[in-house]
Amino acid sequence: MTVLAQALDAAVDTPRVDWLAIAPETVLFGAAVAIVLGRALARRRPLVDEASFLTALVGVVAAGVFTFVQWVVVDGDGPYQAIAGMVAVDGFAVFVRTVVLIATFLGLLLSAGYLRREGLEAPEYHALMLCSATGMMLMASANDLIVVFLALEILSIALYVLVAFDRRRVTSQEAGLKYFLLGSFSSAVLLYGIALVYGGTGTTNLTRIARFLAGTTLLEEGVLLTGLVLMLVGLGFKVAAAPFHMWAPDVYQGSPTPVVSFMGGATKAAAFAAILRVYAGAFELYRVDWRPAVWALAVLSLVVGSVAALVQTDVKRMLAYSSVAHAGYVLIGVQVGNEAGTTAALYYVMAYTLMVFGAFAVVTVVGRRGDRRHELADYRGLAGAQPVLAALLTLFLLAQAGVPLTGGFVAKLSVFDAAVDAGQYWLALVGMLAAAVSAFVYLRIVLAMYAPEDDGPAVAARPVRVDLAAAVALAIAAAGVLFLGLLPDVVLDFARDATQLLAAGGRAGA
Amino acid sequence: MIAALDITPTYYLVVAAALFTIGGVGLLVRRNTLVMFMCIELMLNAANLTFVTFAKALDDIGGQVIVFFTLVVAAAEVAVGLAIIVAIFRRRQDVTADDVSALRG
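These protein sequences, in sequence, are chains A and B.
Per this note's numbering, the first sequence starts with residue 137, numbered consecutively.
Per this note's numbering, the second sequence starts with residue 1370, numbered consecutively.
Rather than coming from a laboratory, the hints here were simulated on the basis of the structure.
Glycine residues also receive a C-beta, built at the ideal position from the N, C-alpha and C atoms.
Don't take each hint at face value.
Claimed, not checked - Examples of chain A residues lying across from chain B (beta carbon under 8 Å, computed):
#	residue
1	Val194
2	Gly212
3	Gly214
4	Tyr216
5	Glu289
6	Leu317
7	Thr340
Said to hold, decoys possible - FRET-style restraints, in silico, Cβ to Cβ:
#	chain 1	residue 1	chain 2	residue 2	range
8	A	Ala350	B	Leu1374	38 to 44 Å
9	B	Arg1461	A	Ala615	28 to 34 Å
10	A	Leu355	B	Arg1461	52 to 58 Å
11	B	Val1398	A	Leu549	30 to 36 Å
12	A	Leu446	B	Met1407	37 to 43 Å
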């Protein structure tokens, strides 16, 4: 059959669209379009800002409701694939979508006060955030490499603009340019990788790839393996895994802080969802080939992330490097590659999203007008002037360090546990050493905050105002981190169910 | 003389790989942001060429459809990327990456 004839055939046979499968994305994107339309049609500015903020919040909540409905369906009838196998509706997607929605909701709350403080109020900000969240949600359920690519671009292109959103700050635009150049570079590498995998397997559908690999012995695997490596590079950029992390410190430092608090966790969650689905799912049979590569990425991220954070004096850069290390911990879970590893990675992503949001939320508030008081010295004596903020930041930093009773502890423990169970002793050891080194970084910030005032000029002594929305967001994040630490079983069970439902979906291959 | 040459899919794949490499190396060595931008386009189109070649070789329409998606994505990227570059250019009348260095690193 010629290609043209095939095209004519295909034109008759359009796939049925299962709207529930893409309902959360549709709602989010619909809210974004509504905001942009409202902005274009309405005349009175102040009302438009408030209306767009409310529309965005309603959109996120509605998407959350649809995600819950999906969970009920998946829990009852089992996972399924929709729209010609392009998207998978399973527990895994629901879990990652929940993480993304939490990050988006908190990010929106935090941004309200920030935008007012910096005089940047614009409905487009909310629309872009929702667009980015749409891409992340889609990525969580992508069951086709092309959907992975499209979702990655939807989330990235909106983020490029968000990072460069602060028009008056040179650093913000520079961060936008750097993120754009390196982000598009990584997208191109990912796309070329997908092209090679398509050449090697004859399809971009993950289920069909898994079936093809199970039923065929490839004599010539060079193209396929090159494709796998290039895809890992592309996705590695997105999760900021060393050695593909160079953009992270600059982008984290330069972009508006609420944007970092949103993208830090949510982008990683989405990209790790794709990594897990592609590598631990579709290419499970090629574990022997990709596990060493992921091992190297994990070790490098852990070492580079925790060591480079030591020498930074800018708090945002410190947290950026520590995010590289955190990517390393999640990669340990990915590397293990079995059910326990995936569960641990999912739980880690959830905990990390809350921890990183909280930390950057406090940094946003403490940064004051101009968003530039981020030197370690600016945190001196913060505890005296702002005891609550200092305590919250301490909580989030200790959680990132992995102190017991916080979500970070359980997250690290489950990752190491999975690694040791799988016999990856070296990986667990490197992880533990990195955790010890990172703890020192976090303690530096905490000690600066609780330093006695006579120790130097108390720069942070002047009180800062925390608006209501940001306070609510901080409270939710803090409660979440403590909840994950004190009652980890609830979310761990959720993650485990999610993993099992993924596995079932992958094998059934609807 | 040339007509006797049998052009197999491998030729196209090699050209695509070469284009991709040129784009990647160009992105790393060139310092003008507009040229870096063009290098990214080159890489995306190398991937497109690979898709089309494999689609032809595998006799599968999927690979050709993907190219349309990629083109749309590339167009969206151009719009956003040029907007950022213009915003910076307005400020400093120059788009050389080395001068964009208010951030360390």
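- Hold the hint about threonine 340(A) up to the distance rule: shortest CB distance to chain B must be less than 8 Å. For threonine 340(A), the interface hint holds, since the closest Cβ of chain B sits about 7 Å away, which is under 8 Å.
- Please test the hint of 30 to 36 Å on the beta carbon pair from valine 1398(B) and leucine 549(A). violated, 45 Å
- Given hint glutamate 289(A) near chain B, where the shortest CB pair must fall under 8 Å: Status holds, d = 5 Å.
- C-beta pair leucine 446(A), methionine 1407(B): status relative to the range 37 to 43 Å that was hinted: Given a distance of about 39 Å, which is inside 37 to 43 Å, the answer is holds.
- Query: Does 38 to 44 Å hold as the CB distance between alanine 350(A) and leucine 1374(B), or does it fail?
  - Reply: Check passed, 39 Å falls within 38 to 44 Å.
- Identify whether the interface hint at valine 194(A) stands, where standing means a beta carbon of chain B within less than 8 Å of its own. Not OK, violated: valine 194(A) not within 8 Å of chain B, min 26 Å.
- Query: Hey, does the glycine 214(A) contact hint survive, CB to chain B under 8 Å?
  - Reply: At 27 Å from the nearest chain B Cβ, glycine 214(A) fails the 8 Å test, so the hint is violated.
- Does the hinted range 28 to 34 Å hold for arginine 1461(B) and alanine 615(A) at CB? Taking Cβ atoms as reference, arginine 1461(B) and alanine 615(A) lie about 45 Å apart, which means the hint is violated.
- Is the hint on tyrosine 216(A) kept, meaning its closest Cβ partner in chain B is under 8 Å away? Where the cut-off is 8 Å and the nearest Cβ of chain B is about 22 Å from tyrosine 216(A), the hint is violated.
- Message: Let's test the interface hint: is any C-beta of chain B closer than 8 Å to that of leucine 317(A)?
- Response: It holds, given that the least Cβ distance between leucine 317(A) and chain B is near 6 Å, below 8 Å.
- Task: Return the status of the interface hint for glycine 212(A): holds when the least beta-carbon distance to chain B is below 8 Å, violated otherwise.
- Result: At 33 Å from the nearest chain B Cβ, glycine 212(A) fails the 8 Å test, so the hint is violated.
- Query: Between leucine 355(A) and arginine 1461(B), does the beta-carbon spacing fit 52 to 58 Å?
  - Reply: Roughly 55 Å apart at Cβ, these two residues keep to the hinted range, so it holds.
In summary, the structure is inconsistent with hints 1, 2, 3, 4, 9, 11 from the numbered list given earlier, while agreeing with the others.
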